[in-house]
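A.B. asks: The lines below spell out each chain.
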Amino acid sequence: MEHTVERRFQLHLFRKLSHAFLFILHCILKPAVAKKLFSRVIGFKKGQFTKTIAYRWQLIWNTVFALPFPIQERMNSFMQVYYPHIDWMRWHWYYVISIPLQTIWLLIKKPIDRHQVSIHRKLFHQGWAATKKAPRRWIHWSRSHATSHAATFAYIIRKIASNRIWQFKLTRYAFMFIATLLGILCITIPFSFVAQALFLVALWVIALWLRSIPGPVPTLVMITLSIIVSTRYIWWRATNTLNYDDMIDFGLGIGLLMAEVYAWLILILGYIQTSWPLHRAPSVLPIDQEEWPTVDLFIPTYNEPLSVVKPTTFSAMGLDWPKEKLNIYILDDGKRDEFRQFAEEVGVGYMVRPDNSYAKAGNLNHALQKTNGEFVTIFDCDHIPTRSFLQVTIGWFLKDQKLALMQTPHHFFSPDPFERNLNSFRTVPNEGELFYGLIQAGNDLWNATFFCGSCAVLRRDPLMEVGGIATETVTEDAHTALKMHRLGYTSAYINLPQAAGLATESLSAHIGQRIRWARGMAQIFRVDNPMFGKGLTWAQRICYSNAMLHFFYGFPRLVFMTAPLAFLLMHAYVIHASAIMIALYVIPHIVHSALTNSRIQGAFRHSMWAEMYEAVLAWYIVRPTTVAILNPDKGKFNVTAKGGLVEHEYFDWMISRPYIMLVLMCVIGFFFGIYRFFYGPADEVSTVVINMVWITYNLLILGGAVAVAAETKQVRTAHRVTFEIPAYLRIPGGKLISCMIEDYSETGLGIAVTNGDMLTMHQSVDVVLQRGLRDFTFPAHVVHLEPGHVGINFDELTNEQESQLIQCTFARADAWMYWNDGRKGDKPLASMKEVLSIGVRGYVRLIEHTMPILLPLLKSMGKMLRACLLVLPRTPDITNVTITKFESNS
Amino acid sequence: VSIDPRTIVVQGVKGGVGTTTVSAHLAAALSDLGHQVYVFDFCRQNSLGLYFGLSFNETKGLAVQLSSGGDWQDAIFQSFSGIRFFPFGAAFDLDLNAQLEQFFLSNPMWLTEHCQLLQAQHSDTQPIYCIIDAPRYPNGIADTAIAAADLVLDVMLPDAASYACMIKRHAYDMECGVTEKNNTQRRYLLNGYSPTLELERDICDLLQTDIGELILPVAIHQDEHIKESIAQKQNAYEGALASQARRDFTLLATWTLAYFGEATDSIKMTSLHR
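Residue numbers (the working numbering), protein chains in the order written: chain F, 1 to 890; chain Y, 1 to 274.
It is worth saying that the hints were derived from the structure and are not from the lab. One thing to keep in mind: the hints can contain errors.
[Said to hold, decoys possible] Where chain F lies over chain Y, by a calculated footprint (3+ residues, C-beta under 8 Å): (1) 204-215; (2) 239-252.
[To be verified] So the derived label-pair ranges between C-beta atoms look like this: (3) Y:LYS227 - F:ASP320: 34 to 44 Å; (4) F:GLY373 - Y:THR196: 30 to 40 Å; (5) Y:GLU262 - F:GLY822: 26 to 36 Å; (6) Y:ASP173 - F:ASP461: 44 to 54 Å.
[What the hints assert, rightly or not] If we take Cβ atoms under 10 Å as the criterion, some of the chain F residues that face chain Y in the derived model are: (7) PRO726; (8) ARG730; (9) GLY734; (10) ILE737; (11) SER738; (12) VAL753; (13) ASP766; (14) VAL768; (15) GLN770; (16) ARG774; (17) THR777.
Where is the CB? At the ideal position from N, CA and C, for every residue including glycine.
Please model the complete structure; the sequences and the hints are all you need to start from.
C.D. replies: Encoded structure:
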């Protein structure tokens with residue numbers, strides 16, 4: 001705010017006087033009283049003597065140096081220009097260093113004045129600035145023209161694609177031949193250092209330009225570029241970088257190369273699988289309900305509590321489907337009376353079987369024998385369907401008589417251990433989203449969507465034709481789908497969350513579940529390999545193989561984690577090439593695949609997060625996958641525990657043992673690296689640096705794995721789902737208060753009210769939710785009260801009320817539609833920064849749990865680091881200093 | 001005049017179902033959503049004014065002016081929140097009801113013409129809403145009002161008496177054909193609904209099976225807020241901002257606007273939920 005000179009002078013004088021007064025007060029008061037009085041002003045804690053002194057010193061400074069106003073004002077602006085990082089009104093201890101340091105710096109260094117530079121320098125500066133700006137300008141241009149580019153692009157593509165020459169088989173094959181030839185040329189031709197650099201820069205520029213153009217065709221071109229660069233890298237690695245002279249070097253080199261070939265293979269298979277996701281929309285059902293088929297709905301359960309199964313049953317009963325055409329069965333392998341009683345009460349079927357053979361698959365097969373609906377739909381007992389589930393999914397079955405399976409995504413409304421321990425719930429896509437958001441939709445194009453065990457509809461006849469649910473492996477779902485595909489049936493995927501469930505509640509349970517998947521997929525790969533056998537198209541073979549091969553990432557990941565140690569510890573040259581050549585090949589390989597994957601997967605997985613997910617699981621899936629490949633009959637079905645609590649914050653030492661081992665190895669390697677840097681031969685320095693960078697990166701990723709193992713508390717048994725639903729409260733006396741439900745769970749609600757004056761704590765209220773003219777009343781009481789918000793818990797609800805509650809909340813057709821709204825898109829660099837900072841956080845947590853004594857030290861180290869940055873002198877810039885400015889000091 | 005005003009007649013299937021409450025609050029809701037509203041009280045109880053802060057002793061009104069040959073514009077009052085309304089008026093020595101009936105008999109187009117006149121005073125593009133609190137049948141004034149109506153809302157309570165009257169009314173309509181202009185059918189609005197009571201819930205279900213979409217998808221809940229507001233000579237839009245009744249009426253207004261093919265501003269809809 002600008003003041004007149006007089007006003008400024010008045011303010012100045014007033015400030016001086018008040019400082020003088022405060023100083024006197026501060027001196028004459030007893031220290032204890034002064035402390036009490038001034039603690040608010042200064043904000044010090046007990047025993048912070050220095051701050052008291054500092055404050056006194058500050059008061060003296062402000063009073064004694066009460067120079068005449070104009071001089072003082074000029075002083076202020078002088079100080080601000082030459083001591084830009086010193087705040088003269090607040091004293092910090094490190095000013096003792098930074099003020100003298102800055103003074104010395106001022107004596108040595110000339111202040112920057114861009115008006116008074118030589119003409120040469122000026123030209124140079126301008127030229128440099130323009131060069132610096134050029135890429136940004138270019139990017140800006142290409143972005144602002146992205147839509148017109150897209151139109152041009154689409155036009156050209158359409159022109160080319162609609163040309164008549166493609167109708168001739170010969171031309172197609174000829175072009176394919178030429179393209180293959182060119183591709184082989186691009187991949188295999190050896191380049192000099194400069195040629196390789198130029199080639200890669202050219203590809204990189206094209207990729208950056210393509211990135212700004214929306215649409216699937218630019219994606220395909222980006223995929224092509226990425227494949228060329230990565231394959232070229234692998235080719236170069238295989239042909240130029242193996243050291244045949246040294247057996248150790250060679251052996252380790254082959255090991256690393258194999259891991260890289262695996263990663264390359266998965267990259268390429270993944271590109272094929274997800275190149276053009278089919279975003280299938282639901283198909284409309286016939287108007288005449290007579291034509292709608294009969295459906296059997298199975299809810300298999302084994303050891304889950306009734307409270308988990310109840311909501312699923314209630315919402316299944318509320319599905320929008322003719323009542324006489326929908327039969328619901330609870331398949332209880334736990335054989336519990338409680339469940340039988342509940343099923344009788346609410347009027348759904350209940351089935352048990354004499355034995356428990358083949359776990360879930362056996363349970364379902366038993367039920368399949370006893371029922372006869374045209375369609376079968378399966379919900380894991382914790383997956384609550386929305387009311388629209390059947391209407392959304394059945395339509396396609398009536399349209400396509402060969403369709404045997406319709407899968408919908410598994411959606412989770414509670415955070416999984418990654419999301420909970422890394423605090424990324426709903427802000428960063430979780431581990432499963434890549435699969436359900438992209439891979440299944442990509443599979444759908446190739447007619448290779450597979451069954452995921454729950455939230456799916458199957459046509460009974462094909463299912464019975466393959467002998468029911470497969471029992472040979474522990475991932476019975478994928479195997480069943482594979483069998484049906486082999487018989488020529490089709491499958492489909494609709495990417496609309498039509499059911500939601502609980503995520504695994506602890507890291508150990510999560511890992512257990514993934515181990516089962518990995519083992520099962522490896523089993524299928526061994527006993528019924530999709531690459532061989534009859535009935536599949538080549539694309540189906542690729543999609544299935546990728547889904548299975550993907551689970552073999554354990555060993556390669558460990559290889560990448562430990563590879564730099566080969567050089568740092570054992571002095572083995574696993575990549576026999578100069579550091580600069582390695583950089584020229586590796587960096588483009590990484591950059592291109594990161595750019596392309598960020599474009600394809602960005603909405604479903606942020607860049608770099610896969611590294612962390614895999615680092616956590618790598619160690620644990622090595623053994624089961626290897627065992628399954630060697631002996632597929634070993635291993636049993638383990639039930640994933642859900643709906644539990646993590647009562648205390650703790651560090652899972654059992655789980656994190658492998659990561660900590662790896663961390664220790666990497667740390668040792670790191671110290672060896674430092675040693676080699678200083679005492680090793682001079683020509684090795686660049687290799688050492690590359691390996692050090694690599695190992696630091698590995699350490700940070702492992703830090704992320706460590707961070708996940710630090711389990712944070714999970715105190716709610718019932719997870720709150722954020723969703724806005726209008727409702728009203730009836731308070732005793734007959735008044736109705738309109739309100740908005742902000743979050744809901746099975747046990748309570750969070751509510752926004754404009755006027756909460758009429759409510760008191762522990763008061764009984766009726767919450768009424770509306771669906772058209774129908775109102776559903778739930779007795780409850782107030783448990784939390786703050787301005788604008790009320791928390792209520794339900795009283796004992798009857799089965800009918802509980803069912804209605806589920807209908808109004810979890811079973812709403814739009815309940816999960818807006819789940820990802822407001823989530824930020826993927827930005828590769830920002831995402832990388834986030835993942836690496838999670839790594840740092842992991843080590844801080846590790847210290848918290850092992851040596852809490854070190855925490856203060858760590859904190860003060862952080863402070864020191866920050867102080868060091870503050871202490872550093874700064875060169876004053878006097879380019880624009882012409883007038884003395886008065887800055888308000890307060 | 002380039003645009004027609006929209007005339008909504010609110011009538012009860014029987015007495016004491018709350019037509020005046022509904023008329024006043026529908027007007028307040030439409031006004032709250034940014035529309036120009038005029039409310040006509042055609043009931044001899046002359047109680048509409050109470051919802052808009054009119055003095056109880058005020059005797060001026062449309063019936064008085066029309067039957068005494070005075071200027072009709074003198075009967076316009078404006079509430080504190082800007083809603084214009086015509087009270088019925090009170091004159092104890094005359095039978096105003098019969099006189100107004102007589103007046104409308106000799107001037108059947110008076111209402112339509114004057115609604116258009118009011119429209120012309122306001123805007124060429126934005127239609128105004130004329131809400132008429134009509135007395136129940138049999139009544140000549142109601143006939144006149146309904147002849148001019150674009151929409152007739154029949155208010156009923158969720159009880160057996162109202163239900164019986166409604167069924168009769170509906171059967172009569174089916175037999176004799178609809179009476180309003182533009183062949184619009186009358187719609188039924190549930191007022192004073194307490195969904196906790198089993199009987200009321202059942203009647204609500206029954207209505208939906210009997211007359212289907214002729215029953216409005218919005219019901220006005222039994223809310224003590226309304227009574228308390230009237231006790232303070234206010235309507236719920238002034239006296240009970242957080243009440244469910246207020247939200248119900250806003251929903252009713254939104255339905256009305258949709259009925260006339262007008263899109264409601266989505267921002268206003270969200271503010272309604274807050």
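A.B. asks: Confirm or reject each hint.
C.D. replies: Hints, one by one, checked against the model:
no., hint, result
1, 204-215, "holds (count 3)"
2, 239-252, "holds (count 7)"
3, Y:LYS227 - F:ASP320: 34 to 44 Å, "39 Å, holds"
4, F:GLY373 - Y:THR196: 30 to 40 Å, "38 Å, holds"
5, Y:GLU262 - F:GLY822: 26 to 36 Å, "30 Å, holds"
6, Y:ASP173 - F:ASP461: 44 to 54 Å, "52 Å, holds"
7, PRO726, "5 Å, holds"
8, ARG730, "8 Å, holds"
9, GLY734, "4 Å, holds"
10, ILE737, "5 Å, holds"
11, SER738, "4 Å, holds"
12, VAL753, "7 Å, holds"
13, ASP766, "7 Å, holds"
14, VAL768, "7 Å, holds"
15, GLN770, "9 Å, holds"
16, ARG774, "8 Å, holds"
17, THR777, "5 Å, holds"
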